[in-house]
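Peer 1: Below, each chain spelled out in residue letters.
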Amino acid sequence: MNKLLIPAFVSALILGCSTTPIPDDASGAPVESRGGSRSGVAPVVAGGVDANGLPRELTDPKSKLAQRSIYFDLDKYEVKSEYQDLVAAHAKYLVANKGFKVLIQGNTDERGSREYNLSLGQKRSDAVKRSLVLLGAREDQVESVSLGEEKPKAQGADESAWAENRRADILYKAADGRGEF
Amino acid sequence: MHRISRRVFLAFALLSSGFAQAQLSIEITGAGANRIPVAIADFVGDGAASRVVTATVRSDLERSGLFKLVDATGSNLDENSPINHGDWKSRGADALAAGSIGRSPDGRMEARFRLYDTQKAVSLGGAAYVTSNEQLRAAGHRIADFIYEKLTGEKGIFSTRIAYVVKSRGQFLLQIADADGQGAATALTSTEPIISPVWSPDGGRLAYVSFEKKKPIIYVHSIASGQRHIVANQKGSNSAPAWSPDGRKLAVVLSKDGNSQIYAVNADGSGAPQRLTNSGGIDTEPRYSADGGSIYFTSDRGGSPQIYRMSAGGGDVQRVTFESNYNVSPRPSADGKSLAFISRREGRFQLAVMDLASRQVQILTDSHKDESPSFAPNSRMILIATEIGGRGVLSAVSSDGRIKQRLSVAAGDVREPAWGPFLK
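Residue numbers (our numbering), protein chains in the order written: chain A, 1 to 181; chain B, 182 to 605.
Treat the hints with care, since some could be wrong.
[As the list claims (entries may be wrong)] These stretches of chain B come out as covered by chain A in the derived footprint (C-beta under 8 Å, 3 or more residues):
1. 232-246
2. 366-377
3. 444-456
[Claimed, not checked] Taking lysine to aspartate or glutamate and the DMTMM-like style, the derived pairs with C-alpha atoms no more than 25 Å apart in a straight line are:
4. Lys394/B with Glu159/A
5. Lys396/B with Asp176/A
6. Lys395/B with Asp176/A
7. Lys437/B with Asp85/A
Just so you know, the hints here were simulated from the structure itself, not pulled from any lab data.
Values in this document were obtained by computation on a predicted structure and should not be read as measured data.
Backbone N, C-alpha and C fix where the C-beta goes; we use that ideal spot for every residue, glycine too.
Start from the sequences, fold in the hints, and give me the full structure.
Peer 2: Dropping the structure here:
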């Protein structure tokens with residue numbers, strides 16, 4: 001009897017820690033509507049981490065910290081004022097979570113010199129790094145690199161694609177080494 | 182012998198792995214105003230070999246845009262035949278070449294020819310090149326170079342090679358081909374970008390930037406052996422290599438001290454980088470002048486990317502470009518007379534050339550996305566990457582803008598061209 005119970009107990013433990021994707025409302029089994037919420041069940045995942053092992057605070061689309069891209073004007077590498085709040089929110093997180101690190105990847109659009117764009121992408125990631133450090137992040141928490149024009153996110157050859165590619169992305173790594181880079 | 186069998190194997194491996202379409206094809210889209218009419222008689226001797234040599238010589242000369250081929254069918258001449266100069270003059274040929282494929286005294290295959298000036302009714306000389314079935318096209322290129330030099334007074338570039346990067350099906354191939362795009366072989370395959378290849382002055386090695394370790398690192402790659410070593414792998418990015426004319430140093434761009442700045446490193450990877458620029462902005466794309474005394478580079482120190490020149494050891498910086506707010510990728514010609522670069526004009530990125538004595542700038546193309554100019558070693562043609570129909574192609578443009586050739590790969594983007602030095 002005991003022998004049968006142990007595996008069940010272990011699998012319950014595994015389930016409790018798992019990072020199985022949370023089914024959204026539509027994919028659940030059909031149930032009768034009971035009052036306010038459609039399913040009547042608020043899904044909770046123990047630990048609150050996502051598939052990369054990062055806190056949901058960093059990846060939940062409803063969280064400001066899930067916004068990881070800072071966009072730049074043509075030929076420019078200054079962080080525009082509209083992104084100051086976002087950069088400040090990331091700096092605040094790094095100050096509160098000393099074990100976390102970020103990698104800033106600078107990108108450019110596809111036009112012009114590949115080598116100049118590699119340097120321009122570095123300037124963009126450096127600018128984000130400088131802002132984070134000024135706002136309290138430790139120097140060794142932030143690494144800045146450039147991908148130049150070599151890894152375009154938007155593939156098109158029009159202004160909307162170019163604007164999307166003039167960008168610096170913030171990637172996170174948790175204290176345990178798990179994360180996005 | 183070993184080299185030949187390796188080449189054959191490479192060609193076979195390329196074909197069988199489905200990269201056959203990575204062969205460059207050439208299209209001529211312009212020609213010079215005063216082309217020299219020249220007749221190339223069919224080479225006599227071994228049928229198949231003669232046809233390869235004849236076709237190579239004719240297509241080289243025609244592709245240069247400087248010659249007009251005069252029909253020579255049915256002439257049946259070799260390098261020793263008596264020439265009826267008046268007859269060729271009346272056919273419209275100012276020059277005539279005739280030759281044969283035979284055996285040298287030791288039994289090896291030999292391509293022999295003689296060139297005549299039909300106006301003056303004199304021989305302009307001839308030569309014999311030992312060859313083999315695999316090297317017939319190379320012999321044709323040598324003959325075309327001889328004819329080109331005798332008739333134009335400049336050295337020919339038909340025997341030179343080019344390097345470029347093909348992006349195809351998510352892979353990056355660093356390839357080397359003859360100047361006419363034939364005989365392409367892949368020196369390096371990577372799933373990560375390869376940029377900025379440059380030939381060593383002796384033509385035996387390439388320096389380039391590879392992202393294979395997830396960040397830009399500079400390698401020097403020996404073409405024949407495939408051996409390579411890292412010459413710059415500092416913290417941050419390592420890019421934009423340029424050989425010193427003596428082949429002992431590379432000017433490179435490192436971001437280890439913050440901004441992208443120019444340093445000199447030893448080509449064998451030894452020693453510490455020596456810093457050459459000190460600015461708060463971007464300094465990149467160094468290129469030594471032909472005499473090795475100065476370095477041209479791109480910098481945004483004045484508020485927009487412009488081309489500057491400094492002494493090769495650093496210092497004495499002078500701004501070179503002023504028109505337009507985006508001038509990048511400086512490439513001084515081997516004869517020291519001109520500077521090719523990319524200029525943004527009304528949102529279009531176009532090949533420009535500056536006469537260094539007068540500082541006059543001429544835009545040579547009407548395209549919108551020119552990149553990475555590279556001078557032929559005789560300073561007459563400039564190879565660029567450009568875009569046609571959304572696809573990357575290479576284009577060779579004469580330094581006066583009159584002659585244009587396009588080189589494209591059927592299934593892929595071609596970019597980052599580099600024209601190699603004269604064959605030693």
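Peer 1: Confirm or reject each hint.
Peer 2: To see whether the hints hold, each was checked on the structure:
{"no.": "1", "hint": "232-246", "in the structure": "violated (count 0)"}
{"no.": "2", "hint": "366-377", "in the structure": "holds (count 3)"}
{"no.": "3", "hint": "444-456", "in the structure": "violated (count 0)"}
{"no.": "4", "hint": "Lys394/B with Glu159/A", "in the structure": "31 Å, violated"}
{"no.": "5", "hint": "Lys396/B with Asp176/A", "in the structure": "23 Å, holds"}
{"no.": "6", "hint": "Lys395/B with Asp176/A", "in the structure": "22 Å, holds"}
{"no.": "7", "hint": "Lys437/B with Asp85/A", "in the structure": "29 Å, violated"}
When the structure is compared with the earlier hints, violations turn up for hints 1, 3, 4, 7 and for no others.
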